[in-house]
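2 protein chains.
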Amino acid sequence: MCPHALIPYKTKNPKTRLSALLSQEEREQFAEAMLEDVLFAVKDANCMPVIVSTELFESELVQITVQDADLNQTLNEILPRAENSVIIIMADLPLADAASIRRAVTTQKDVAIVPGRGGGTNVIYLKEPQKFHVDYYGGSFSKHMAIAEQAGLSVDVIDSFRLHTDIDEEEDLVELLIHGAGKSRAYLEGLGFALATDKGRVGITRKR
Amino acid sequence: MCPHALIPYKTKNPKTRLSALLSQEEREQFAEAMLEDVLFAVKDANCMPVIVSTELFESELVQITVQDADLNQTLNEILPRAENSVIIIMADLPLADAASIRRAVTTQKDVAIVPGRGGGTNVIYLKEPQKFHVDYYGGSFSKHMAIAEQAGLSVDVIDSFRLHTDIDEEEDLVELLIHGAGKSRAYLEGLGFALATDKGRVGITRKR
Numbered sequence: 001m002c003p004h005a006l007i008p009y010k011t012k013n014p015k016t017r018l019s020a021l022l023s024q025e026e027r028e029q030f031a032e033a034m035l036e037d038v039l040f041a042v043k044d045a046n047c048m049p050v051i052v053s054t055e056l057f058e059s060e061l062v063q064i065t066v067q068d069a070d071l072n073q074t075l076n077e078i079l080p081r082a083e084n085s086v087i088i089i090m091a092d093l094p095l096a097d098a099a100s101i102r103r104a105v106t107t108q109k110d111v112a113i114v115p116g117r118g119g120g121t122n123v124i125y126l127k128e129p130q131k132f133h134v135d136y137y138g139g140s141f142s143k144h145m146a147i148a149e150q151a152g153l154s155v156d157v158i159d160s161f162r163l164h165t166d167i168d169e170e171e172d173l174v175e176l177l178i179h180g181a182g183k184s185r186a187y188l189e190g191l192g193f194a195l196a197t198d199k200g201r202v203g204i205t206r207k208r
Numbered sequence: 209m210c211p212h213a214l215i216p217y218k219t220k221n222p223k224t225r226l227s228a229l230l231s232q233e234e235r236e237q238f239a240e241a242m243l244e245d246v247l248f249a250v251k252d253a254n255c256m257p258v259i260v261s262t263e264l265f266e267s268e269l270v271q272i273t274v275q276d277a278d279l280n281q282t283l284n285e286i287l288p289r290a291e292n293s294v295i296i297i298m299a300d301l302p303l304a305d306a307a308s309i310r311r312a313v314t315t316q317k318d319v320a321i322v323p324g325r326g327g328g329t330n331v332i333y334l335k336e337p338q339k340f341h342v343d344y345y346g347g348s349f350s351k352h353m354a355i356a357e358q359a360g361l362s363v364d365v366i367d368s369f370r371l372h373t374d375i376d377e378e379e380d381l382v383e384l385l386i387h388g389a390g391k392s393r394a395y396l397e398g399l400g401f402a403l404a405t406d407k408g409r410v411g412i413t414r415k416r
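Going down the list, the protein sequences come from chains D and B. Position 106 (the first sequence) corresponds to 106 in the numbering used here; numbering is contiguous. Position 196 (the second sequence) corresponds to 404 in the numbering used here; numbering is contiguous.
So that you can see chain D by itself, here it is in the shape it has in the complex (with noise of 0.2 Å):
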């Protein structure tokens, strides 16, 4: 089984609450060494990636380019003509590896999903795209739940670190930096980020 894999993606100015940690610059170069590593992972689960984006930019892949810049609307016009199973995997989740994404695609119920920190959707795997709509956004997660209820769609909630860790705050840089074996980590690093150990939780420094 081989669904094809959306990742919306945003070009221009990501990752915005990092800007008090990275220039803006730094944030795009970030963010698509980040989208690198999930198209790895997407890539070694054998699913077949396509970006969501606003722009088109510089790759080999399949692109779905829209004028839209709302998420919701762009995936909830794709979804209905799906014609087979579909996940949607955020592109800021660089600790994704092919067996969390597995865990979800072979999922024995109708929709799994990925809870994100602070209550968003990380991922969502649809057997029936057109039954399901999105809504992102404001404790998403919950609001997803509701919808595949509603639907009558029985769900999934796949306990997973990895997939549950999108890198939006300094503290999740932390968990880029120890669990991270790709670009994305490799890039923080390049830029003098190492980990700070103290009698608490890890924190980050960086050199300059």
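Read the hints as simulated data drawn from the structure, not as lab findings. Model, not experiment: these values are computed from the prediction. Think of the CB as a built atom: it goes at the ideal place given N, C-alpha and C, for glycine as much as any other residue. Treat the hints with care, as some may be off.
What the hints assert, rightly or not - What the simulated footprint calls covered on chain D by chain B, stretch by stretch (three residues with Cβ under 8 Å from a Cβ of chain B suffice, anywhere in the stretch; the number is not a length):
| no. | stretch |
| --- | --- |
| 1 | 109-120 |
| 2 | 135-141 |
| 3 | 175-187 |
Unchecked claim - For lysine to any residue, the following SDA-like pairs were computed, each having C-alpha atoms within a straight-line distance of at most 20 Å:
| no. | chain 1 | residue 1 | chain 2 | residue 2 |
| --- | --- | --- | --- | --- |
| 4 | B | K351 | B | D364 |
| 5 | B | K351 | D | A181 |
| 6 | D | K131 | D | T106 |
| 7 | D | K143 | B | I386 |
| 8 | B | K351 | B | V363 |
| 9 | B | K351 | D | G203 |
| 10 | D | K143 | B | A404 |
| 11 | D | K10 | D | V50 |
| 12 | B | K218 | D | R201 |
| 13 | D | K143 | D | N76 |
| 14 | B | K351 | D | L177 |
| 15 | B | K317 | D | A99 |
| 16 | B | K351 | D | A194 |
| 17 | D | K143 | B | A389 |
| 18 | D | K10 | B | G408 |
| 19 | B | K351 | D | T197 |
| 20 | B | K351 | D | H179 |
| 21 | D | K10 | B | R409 |
| 22 | B | K220 | D | G200 |
| 23 | B | K351 | D | G200 |
| 24 | D | K143 | B | R409 |
| 25 | D | K143 | B | L385 |
| 26 | D | K143 | B | G411 |
| 27 | D | K143 | B | T405 |
| 28 | D | K143 | B | H387 |
| 29 | D | K143 | B | A402 |
| 30 | D | K10 | D | E28 |
| 31 | B | K351 | D | R201 |
| 32 | B | K351 | D | L195 |
| 33 | D | K109 | B | A307 |
| 34 | D | K183 | D | D44 |
| 35 | B | K218 | D | G200 |
| 36 | D | K131 | D | M145 |
| 37 | B | K218 | B | T262 |
| 38 | B | K351 | D | I204 |
Since the structure of chain D is already known, use the hints to place chain B on it.
Using the frame of chain D, we list chain B on its own:
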């Protein structure tokens, strides 16, 4: 297979990083509610809980009471004498469930480790406890990975956000209010805590 589950537990003044939100009495009651949630999950996974604490407290459960407050020394005196496999599971994992614990205790490797938030170690399952020693605090996940390697033990890093999410800071309470189903979530709600949704991650509010 029914390993003993060693559960370190601190009765007095726990969870000091929540002091801005909870009084000492509330933190002690909250810690006990989290322990009860962990005990429920441990028993549901057919493990036998053993509380490892510096003080006796009211409970029907088997308890090991230690004079010494050093968690590492205490556990490292217990492990060499363990006759069978052992799982060490922290008391601040109220999202733990039987499925996630079973994933650890059914590993094909010698050791299963679940990393905590910020580089800690939340769960260690040891088929041969006498071959391992613990070194908690300050980035213990990487230390425990190194200890296993030095002992020639194979390691399975369990990818579970339920066991990854230790409750230490305000943002962790958000995860408990979203994904919890036990006594500790009910305790927080009884104090007036609720989710507060804006455009980014979900936060918390407290009505007094």
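- Message: Check the structure against each numbered hint from earlier and tell me which ones fail, lowest number first.
- Response: none
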